[in-house]
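Let chain S serve as the given structure and place chain U on it in line with the hints.
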Amino acid sequence: MEMETEYCFRHKHILGLENLSTDDISFILQTAESFREISTRPIKKVPILRGKTIINLFFEPSTRTRLSFEIAAKRMSADTFNISASTSSATKGETLVDTALNLQAMNPDAIIIRHSHSGSPHLLTKHINASIINAGDGFHEHPSQGLLDLMTVKQKKGKIEGLKIAIIGDISHSRVAHSNIIGFSKMGAQVYVSGPATLLPPGIEQLGAKACRSIEEAVTDADVVMALRIQKERQLDPLIPSLREYANFFGVTNKLLEKSKPDAIVMHPGPMNRGIEIDPAIADGPRSVILEQVTNGVAVRMALLYLILGGSEQ
Amino acid sequence: MRMSMILLQNGRIIDPVNKVDRQGDLIISEGRIHEIGAPGTLHLPDPDGTTFDLSGKWVVPGLIDMHVHLREPGEEYKETIASGTKAAIAGGFTAVACMPNTSPVNDSEAVTSLILEKAEQAKMARVYPVGAVSKNSQGTELAEYGEMKQAGVVALSDDGRPVANSQLMRRALEYSSSHNLLLISHSEEMSLSENGAMNEGALSTRLGLRGIPHVAEEIMVYRDIAMADYLELPIHIAHISTKETVDLIRRAKRNGSLVTSETTPHYFSLTEEAIDQYDTRAKMNPPLRTAEDMKAIREGLRDGTIDAIATDHAPHSNMEKDLEFELAANGIIGLETSVPLTMNLVRENILTPSQMITLMSVHPARILGVEGGSLAAGATADVTVIDPDKKFVYTKDSIVSKSGNSPFIDREMQGKAVLTVVGGEIVFEELG
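Heads up: the protein sequence lines correspond to chains S and U, in order.
One point on numbering: in the numbering used here, the residue at position 169 of the first sequence is 169, and numbering is uninterrupted.
Every position in the second sequence, counted from 1, becomes a number in the numbering used here once 314 is added.
Isolated chain S, as found in the complex (with noise of 0.2 Å):
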């Protein structure tokens, strides 16, 4: 590794790009690398965190990221234990932080929490000790997300700096957005971020996006164009008229990326609503990266847990 000799990761929890410096996110992408290999395995096993008891809490439904998280893990060796919604004591009027304290009187060693409101793992550090894993809260950030697409753009690109990444959609109610526009810029890219306005929050410059009025202008001379989700709910909210306008004024097309770099790669964190947010044609074309994001994630999310979980022991 080429970084200096002084570097230690230090952190307990992985809470936001925005907690993490440039020397962090380069650590973990470094040895996110270095993981991918093991997945190509036949025995796709190792036993870094054996006997580490991880514990997936997830209060809103998720399929990537879970098992993303899940197959890292027992990449790994470690045990995993997975609770969603429906099951947990959340429906039966439990507060998070105890049911926080539950899973801590069990001794776990980390949590990897997903919650539908921003600064819930923020809540969790302030009263258990086990490492807390962010793995979406609200509208605030998705880290592991953000890594992923930092590690897919840095491979297709070769480097992050002096690049220029637009981001089209929902960039008010995305969190992937928002790790994004941290991870990015903090690296040393420009990104643009466009939408319709009423999808454009105030004062998004200043997490160091630069946000445009029109898409075009976000996609000129990009060399990354990513889709986002955009979440079909947000028509009964008065933020935009017709999911089929939306696709015709505001979708990723072919005739949009005429606008980008001719080798412009398309990402898009999934999941996708084909035909409204990106053109079918170029979620399935050559520009598309969207499954690698997916590889990448688990590599991620093993380098996550080996740093905060199995440093001290290598």
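No wet-lab data here; the hints were simulated from the structure.
A few of these clues could be false.
Unchecked claim - Straight line, CA to CA, 30 Å or less: simulated DSBU-like cross-link-like pairs of lysine-lysine:
1) K157(S) - K259(S)
2) K126(S) - K710(U)
3) K186(S) - K126(S)
4) K635(U) - K12(S)
5) K159(S) - K12(S)
6) K44(S) - K74(S)
7) K710(U) - K635(U)
8) K210(S) - K716(U)
9) K126(S) - K635(U)
10) K12(S) - K710(U)
11) K186(S) - K154(S)
12) K210(S) - K154(S)
13) K210(S) - K261(S)
14) K463(U) - K567(U)
15) K126(S) - K12(S)
16) K557(U) - K210(S)
17) K432(U) - K710(U)
18) K259(S) - K186(S)
19) K12(S) - K45(S)
20) K557(U) - K567(U)
21) K437(U) - K126(S)
Relative to chain S, chain U alone:
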């Protein structure tokens, strides 16, 4: 409780109504201000009387907090009338006006009478109940203002929520004028603020919290002033928090509106940054705003646009606060920190001591139409003594209120009430 005469010697007597700000002696007898004289000139005729040497301290008309939540009846685990008025006297307040959003809501003679009875039993600060504007504060039907006034309410408010329906607001203003009761407006356009957890802006975006835009307050303040102007009636705007609200009120006053307003110590002491990593102790409604808003609030206090400082004392237990930020209850306690936080403005030369007392005693009494706010001979002896130099750390253990939801915990404070006299009786003393 001591009923004998009290001599307050050598204090700095600050009595803005009577244009007094000088060293002097003051005698309290039989519940009234008996006599005021030059320092060292007054003596107690009665040997059983109590004398305090108050060199270096301020003797001021009893402070009045015109906006508190005492939680009784209904949420006695957060605060009771006894615990809340005990916190009040410890903070230097001789009287508080309590908002009607209890359970049940104070929209009736019965609840008003209960509150006054409990206050009488507690024998601490005076309590002035505020009645509901609408039945059960639902915003649909007028409450019975006449009967509540007979029972003792001093003003009307649906505080905690706005009177959203403009027609109801009109009728409430009109009908309250028939009973000579002031209407206190919680001005908030709910369709803009609903589900919001903090001030909308770059910080709410960064924290991923739904925002409350400052226009949600201003739009409703504008409506309220326009309505009151149209009817040529007074209106009082509660807990103002934004720059544009201050500007609106300044313009309205210049144009002759009968509008008055209050702000709270947290709006001139803190910004939204106090939320930091989702600290629910800094969550209230209206939310903490930006540095620019805070500056405008301070200027509004300085130039007289804002008439009063009230605390919006809002006790909550850990059950309501130790939650996800968006689920946590709004509100902070304030009775015990109001004096030192306002003293900060005096130390920063934004307010004179006389202005501070005007904002915390003279105007609240005048706006509510209650006694107090004066140290004239013959006036009821509600008196507060403040030690402007006293330094202390506001610790969790020191809190008198039943709840501890304050963003000021563990802060160093300077300036403290050290003697509180209500109706000639010493109810709080921390001299020495």
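Results of checking the hints against the structure:
This hinted pair checks out: K157(S) and K259(S) have alpha carbons roughly 18 Å apart, not beyond 30 Å. As the CA atoms of K126(S) and K710(U) are separated by approximately 18 Å, the hinted pair is consistent with the 30 Å bound. With a C-alpha separation of about 27 Å, the suggested pairing of K186(S) with K126(S) holds against the 30 Å cut-off. Distance hint between K635(U) and K12(S) is fulfilled; the C-alpha atoms sit about 25 Å from each other, no more than 30 Å.
Between K159(S) and K12(S), the direct Cα distance comes to roughly 28 Å. Compliance with the 30 Å bound is thereby established for this hinted pair. About 9 Å separates the Cα atoms of K44(S) and K74(S), which keeps this hinted pair within 30 Å; it holds. With a C-alpha separation of about 15 Å, the suggested pair K710(U) and K635(U) falls inside the 30 Å cut-off, and the hint holds. A distance of roughly 48 Å separates the Cα atoms of K210(S) and K716(U); the hinted pair therefore is violated under the 30 Å criterion.
Using a Cα cut-off of 30 Å, the hinted pair K126(S) and K635(U) holds, with the two alpha carbons roughly 13 Å apart. A hinted pair counts as satisfied when its Cα atoms are at most 30 Å apart, and K12(S) with K710(U) qualifies at roughly 29 Å. For the hint linking K186(S) to K154(S), the alpha-carbon distance of about 14 Å falls within 30 Å, and the restraint holds. Proposed proximity of K210(S) and K154(S) is supported: the alpha carbons are some 21 Å apart, at most 30 Å.
As the CA atoms of K210(S) and K261(S) are separated by approximately 18 Å, the hinted pair is consistent with the 30 Å bound. Only pairs whose Cα atoms come within 30 Å are accepted, and K463(U) paired with K567(U) is accepted, the gap being roughly 28 Å. A distance of roughly 13 Å separates the Cα atoms of K126(S) and K12(S); the hinted pair therefore holds under the 30 Å criterion. Under the criterion of a C-alpha separation no larger than 30 Å, the hint pairing K557(U) with K210(S) is consistent with the structure, at around 27 Å.
Pair hint K432(U) plus K710(U) holds up; C-alpha atoms about 26 Å apart against a cutoff of 30 Å. Among the hinted pairs, K259(S) with K186(S) is consistent with the structure: their alpha-carbon atoms are about 25 Å apart, no more than 30 Å. The hinted pair formed by K12(S) and K45(S) meets the criterion: a straight-line CA distance of about 24 Å does not exceed 30 Å. Between K557(U) and K567(U) the CA atoms are separated by roughly 16 Å; this keeps the pair inside 30 Å, and the hint holds.
Between K437(U) and K126(S), the direct Cα distance comes to roughly 40 Å. Violation of the 30 Å bound is thereby established for this hinted pair.
Violated hints, in rising order: 8 and 21; the structure is consistent with all others.
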